[in-house]
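Fit chains B and C to the supplied structure of chain A, relying on the hints for placement.
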Amino acid sequence: MQQQSIFVLFLVLAGIATIVFTYIFISSKKAAAEEKGMSNPLKKRFWFSLILFVILCIFITATIPKSPYYLFADETPARVIHVSAIQFQFILSEKAIDPENPSGESHIELPINELVEFRVTSLDVNHGFALYDSSNRLITQVQAMPGYVNRLRYKFKDPGEYKILCLEYCGMAHQVMRSSFMVN
Amino acid sequence: MFKNIVFIILTISFLKTTSAQTVSPSLKEESDIYEKIYDAPLILDETQPTPLHELYNTKPLLVVLIFTRCTGVCNPFLLRLKESLQFKAKKDSFNVLVMSFDPRDSIKDMNLLARRFALEDNNQWIFAVTDSIPKLNQSISFYPVWDSIRNQYDHDALLVGVNNEGYITKKLIGMRGGHDLDLLIASVNNVFSPTYRLPNKNVLFSCFNYDPKTGKNKLGLGLLFIALPAILTVLILIVIGFSVRSKASELEESS
Amino acid sequence: MASIKLNKITSVWIISVLLLFIVSIVLGILMRLNQGEVISQSPITFYSNMTTHGLTMIGIWFVAGMAAVNYIMERYVKTSYTVNVLALVLTVIGILMFWASTFIGHFHSAWTFLYPLPFKEMGSETWATLMFLGSLTVLGIGWLIWSISLMTQILKKYSIPQALAWQHLRKNPTVETPPFILISMITLIGVIACLLAAVVLLVLFYAEYFSNGNFVNDALLMKNLTYFFGHTIANEMLYLGLAVIYELFSEVSGRPKWKTTWYVALAWNCTLVFILTAFFHHLYMDFVQPQGFQIIGQLASYFASLPAAGVTVFSIFIAVYRTRIKWSLTNLLFFIGVIGWVIGGLAAVIDSTISNNIVLHNTLWVPAHFHTYNAMGNVLFSLGFFYWFSIQFSDKTKVKKSTTLTLALLLIGGIGFLLAFYIGGAESIPRRYSIYPSELSIGASLATIGAAFASIYFIAILIFFFNISKRCLKILFSSS
Numbered sequence: 399m400q401q402q403s404i405f406v407l408f409l410v411l412a413g414i415a416t417i418v419f420t421y422i423f424i425s426s427k428k429a430a431a432e433e434k435g436m437s438n439p440l441k442k443r444f445w446f447s448l449i450l451f452v453i454l455c456i457f458i459t460a461t462i463p464k465s466p467y468y469l470f471a472d473e474t475p476a477r478v479i480h481v482s483a484i485q486f487q488f489i490l491s492e493k494a495i496d497p498e499n500p501s502g503e504s505h506i507e508l509p510i511n512e513l514v515e516f517r518v519t520s521l522d523v524n525h526g527f528a529l530y531d532s533s534n535r536l537i538t539q540v541q542a543m544p545g546y547v548n549r550l551r552y553k554f555k556d557p558g559e560y561k562i563l564c565l566e567y568c569g570m571a572h573q574v575m576r577s578s579f580m581v582n
Numbered sequence: 005m006f007k008n009i010v011f012i013i014l015t016i017s018f019l020k021t022t023s024a025q026t027v028s029p030s031l032k033e034e035s036d037i038y039e040k041i042y043d044a045p046l047i048l049d050e051t052q053p054t055p056l057h058e059l060y061n062t063k064p065l066l067v068v069l070i071f072t073r074c075t076g077v078c079n080p081f082l083l084r085l086k087e088s089l090q091f092k093a094k095k096d097s098f099n100v101l102v103m104s105f106d107p108r109d110s111i112k113d114m115n116l117l118a119r120r121f122a123l124e125d126n127n128q129w130i131f132a133v134t135d136s137i138p139k140l141n142q143s144i145s146f147y148p149v150w151d152s153i154r155n156q157y158d159h160d161a162l163l164v165g166v167n168n169e170g171y172i173t174k175k176l177i178g179m180r181g182g183h184d185l186d187l188l189i190a191s192v193n194n195v196f197s198p199t200y201r202l203p204n205k206n207v208l209f210s211c212f213n214y215d216p217k218t219g220k221n222k223l224g225l226g227l228l229f230i231a232l233p234a235i236l237t238v239l240i241l242i243v244i245g246f247s248v249r250s251k252a253s254e255l256e257e258s259s
Numbered sequence: 010m011a012s013i014k015l016n017k018i019t020s021v022w023i024i025s026v027l028l029l030f031i032v033s034i035v036l037g038i039l040m041r042l043n044q045g046e047v048i049s050q051s052p053i054t055f056y057s058n059m060t061t062h063g064l065t066m067i068g069i070w071f072v073a074g075m076a077a078v079n080y081i082m083e084r085y086v087k088t089s090y091t092v093n094v095l096a097l098v099l100t101v102i103g104i105l106m107f108w109a110s111t112f113i114g115h116f117h118s119a120w121t122f123l124y125p126l127p128f129k130e131m132g133s134e135t136w137a138t139l140m141f142l143g144s145l146t147v148l149g150i151g152w153l154i155w156s157i158s159l160m161t162q163i164l165k166k167y168s169i170p171q172a173l174a175w176q177h178l179r180k181n182p183t184v185e186t187p188p189f190i191l192i193s194m195i196t197l198i199g200v201i202a203c204l205l206a207a208v209v210l211l212v213l214f215y216a217e218y219f220s221n222g223n224f225v226n227d228a229l230l231m232k233n234l235t236y237f238f239g240h241t242i243a244n245e246m247l248y249l250g251l252a253v254i255y256e257l258f259s260e261v262s263g264r265p266k267w268k269t270t271w272y273v274a275l276a277w278n279c280t281l282v283f284i285l286t287a288f289f290h291h292l293y294m295d296f297v298q299p300q301g302f303q304i305i306g307q308l309a310s311y312f313a314s315l316p317a318a319g320v321t322v323f324s325i326f327i328a329v330y331r332t333r334i335k336w337s338l339t340n341l342l343f344f345i346g347v348i349g350w351v352i353g354g355l356a357a358v359i360d361s362t363i364s365n366n367i368v369l370h371n372t373l374w375v376p377a378h379f380h381t382y383n384a385m386g387n388v389l390f391s392l393g394f395f396y397w398f399s400i401q402f403s404d405k406t407k408v409k410k411s412t413t414l415t416l417a418l419l420l421i422g423g424i425g426f427l428l429a430f431y432i433g434g435a436e437s438i439p440r441r442y443s444i445y446p447s448e449l450s451i452g453a454s455l456a457t458i459g460a461a462f463a464s465i466y467f468i469a470i471l472i473f474f475f476n477i478s479k480r481c482l483k484i485l486f487s488s489s
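Residue numbers (the working numbering), protein chains in the order written: chain A, 399 to 582; chain B, 5 to 259; chain C, 10 to 489.
The shape of chain A in the complex, shown without the other chains (with noise of 0.2 Å):
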């Protein structure tokens, strides 16, 4: 799970982080009247810089890629499901919703392994149209923006319930503001 390595990511920094800190204070504490502190600052200041320059280099050429903006690019989506984040609710449509007249399915099913294509807007302010698998874990999410079309692929690969939360702050029911769809 990409949300658990991060998880684990961070605890690890954060804890070299902390290891760092305090064995500089516990210098400090031990430290005699005379000690002249760090030898040759400049250059571990700049050894420091670099090496967090390279660090920092390398997982922006090794993340960038994976955008969602590029993902599926070159593919032709198996499905479209059209969706119209409305207050406070979600509404799907294998057709297109019609602004003045919203409806849509109340049923939606999509294929596994297939590329399926979310065109995503909303009817007044902005939302979030997040997907949880059914073990809810967050797998993508895009924003629903009024007067905009947001289009998100995706491919399934797990059958089963899927849920869609609102994750865009946008009044008082947004707890509440939910759907789902089937894959299989």
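Mixed in with the good hints, there may be bad ones.
[Claimed, not checked] Derived CB-CB ranges, DEER-like:
1. A:471 / B:57: 34 to 40 Å
2. A:556 / B:83: 36 to 42 Å
3. C:301 / A:472: 18 to 24 Å
4. A:471 / B:75: 39 to 45 Å
5. C:112 / A:497: 33 to 39 Å
6. C:86 / A:437: 32 to 38 Å
7. B:57 / C:301: 37 to 43 Å
8. B:136 / A:497: 32 to 38 Å
9. C:301 / B:84: 46 to 52 Å
10. B:84 / A:471: 27 to 33 Å
11. A:489 / C:90: 56 to 62 Å
12. A:442 / C:90: 41 to 47 Å
Hint data in this document are derived by calculation from the structure and do not stem from the laboratory. Keep in mind that this is a model prediction, so the values were computed, not measured. For each residue, glycine too, the CB sits at the ideal point set by N, CA and C.
Chains B and C only, in chain A's frame:
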């Protein structure tokens, strides 16, 4: 001061909204996207029918639906399309298939039509009729209605983008501007744009306008508003910097 | 040296900030208790409280930083007492108007008031939105005048290139720009830019409000402006705290003053650029934003950490490593605050990675990271300054046993409270939910745990509040 700013903004926006009245996208355009177009046998000349897939496999297609006896939208629609496509950058990346949806039309009628538009020698333009009109119409949700009083079909001006696998990638209904045609051409060539705009009351302050010719976003007036705070800050900095310095030097000189 | 008037107004700032902090923490704990289903508030009450909590916190820690910078700046240049008082008055009026809009008018669009939600609220009073926009206008004007005034005072003594320490980029500079002036200048420029973004945003809001539907804004533009203002001000208030640390850390440790060098000058000038473009990372999930901007967002967020770590954090390392220094509560708070800032920064960089953001955006990971560098970073920077300010007229500088206990409470409470957020983020729990759906019930348990730890943190803050305000009241009411 504040009132003036609001007034100016409102005036500009009114001017903009009144002047920029164009045909807005219709909802019907959203149907059948990524469905396959019906592989109709096409009659292109007096020889054997050619299946539609042979055409789209060679090059992506823009399919135009017309009938030759039309006294309404078909002629201006074709004329405008021809004019618009002449100046497209990626002209070689697609062909245009002009299809009749009227069973009375023969390939001879279509060839006459081609001659009338001076397109008979243009390889990019293909004129055809088919025996499978209902099936083809159904696959693209095109439903002309026969009007017996006027002796005419009542129908949309429909343009369908088909990529080289036969999938419908985008539809345009009505006579549309060059920008929408660009989007259509991009889509038949499988250029994915993760977003598009909906018809909006006010596009004056939009930040970006997607330009399918280059596949990039052109900067809009709204972007100026994002940059405005930074620009103003620099101006304030410079103005204050110079005014207090000159005052300080005046004081030094006088003392 | 600071005048009596400046001492008094700074005392008023400190007492007000701490008082409002206490109210805001209580609101925060109530929110977590509601999410934990220990208490039951109506959604509108919850979201109004959330709005109050958010903007009050941003407001007080921004003015806390500004008041501290104003106080210390008096060492280098003359600052305007009138503007300081004006800022205080406008801040108080602004906060009162804002509280009226949320507590009485039930305005609940969150402190980010993302367009067009303020116009499409249900269940709030009709006047609440206008009152909210008005309160922001008052706050914005007060803060803008204050920032421009401080910047003007700097520019009276230093030319623009000198204030930005550009001469330090060359060899053997003739004029020395103190680090405090450099950082204040860089931060004030950013503050002015983000406050001007708020002005543009508010003008567009008012234009739509008063046009009766004839003028409609573009949601993408409004979102960009919202985060230009919101992200940047939240970020700049941390840098105000850092300016204070650059000035005071060495001083209270009994060490020679920090000097501006070429890399300090370079780092802070780079920071100015990164900080004004990093806000793009709030729009990663808006695919309509051009991809170039998205990538700039990730690059700026990543590289903003370079000057921070390579210069500021490393300077702290050098100042402390194997160096015998006078540890007092002030520099201890600074030191711990820097750790909180670094750890919050790590979580922020992880979240600013576009491919991670798709599973972290608007989950509890977001409040997790910003509470880390606020509650465990910036708050400690300001508390350090408050403490230093309040004791400068007495001779107690040794760390007492009770202080160690307070610090321990602060750390235990803070870490537990933050971990509940981080685990929630890793468990895909959404942020800004008044209660959690049944399948995300782990969110409720985490919220209760978070509330419990936050209460421990709260006790520590109460102790600080009593100690510091007692001394500040003395300064306020003393005749000399």
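Do the hints match the structure? See the list:
1. A C-beta distance of roughly 24 Å is found between residue 471 (chain A) and residue 57 (chain B), which places it outside the suggested range of 34 to 40 Å.
2. Against the hinted window of 36 to 42 Å, the Cβ-Cβ separation of residue 556 (chain A) and residue 83 (chain B) comes to about 53 Å, which falls outside the hint.
3. Taking 18 to 24 Å as the suggested C-beta distance range, the pair residue 301 (chain C) and residue 472 (chain A) conforms, at roughly 20 Å.
4. At about 44 Å, the CB distance of residue 471 (chain A) to residue 75 (chain B) agrees with the hint of 39 to 45 Å.
5. Distance hint check: the CB atoms of residue 112 (chain C) and residue 497 (chain A) are about 36 Å apart, consistent with the given range 33 to 39 Å.
6. For the pair residue 86 (chain C) and residue 437 (chain A), the supplied restraint of 32 to 38 Å holds, since their beta-carbon distance comes to about 37 Å.
7. As the Cβ distance of residue 57 (chain B) to residue 301 (chain C) is approximately 38 Å, the hint placing it in 37 to 43 Å holds.
8. For the pair residue 136 (chain B) and residue 497 (chain A), the supplied restraint of 32 to 38 Å holds, since their beta-carbon distance comes to about 35 Å.
9. With their beta carbons about 34 Å apart, residue 301 (chain C) and residue 84 (chain B) fall outside the hinted range of 46 to 52 Å.
10. Between residue 84 (chain B) and residue 471 (chain A) the Cβ separation comes to about 31 Å, which falls inside the hinted range of 27 to 33 Å.
11. Distance hint check for residue 489 (chain A) and residue 90 (chain C): the Cβ-Cβ separation is about 58 Å, which falls inside the suggested range of 56 to 62 Å.
12. Take residue 442 (chain A) and residue 90 (chain C): their Cβ atoms lie about 44 Å apart, and the range 41 to 47 Å holds.
Violated hints, in rising order: 1, 2, 9; the structure is consistent with all others.
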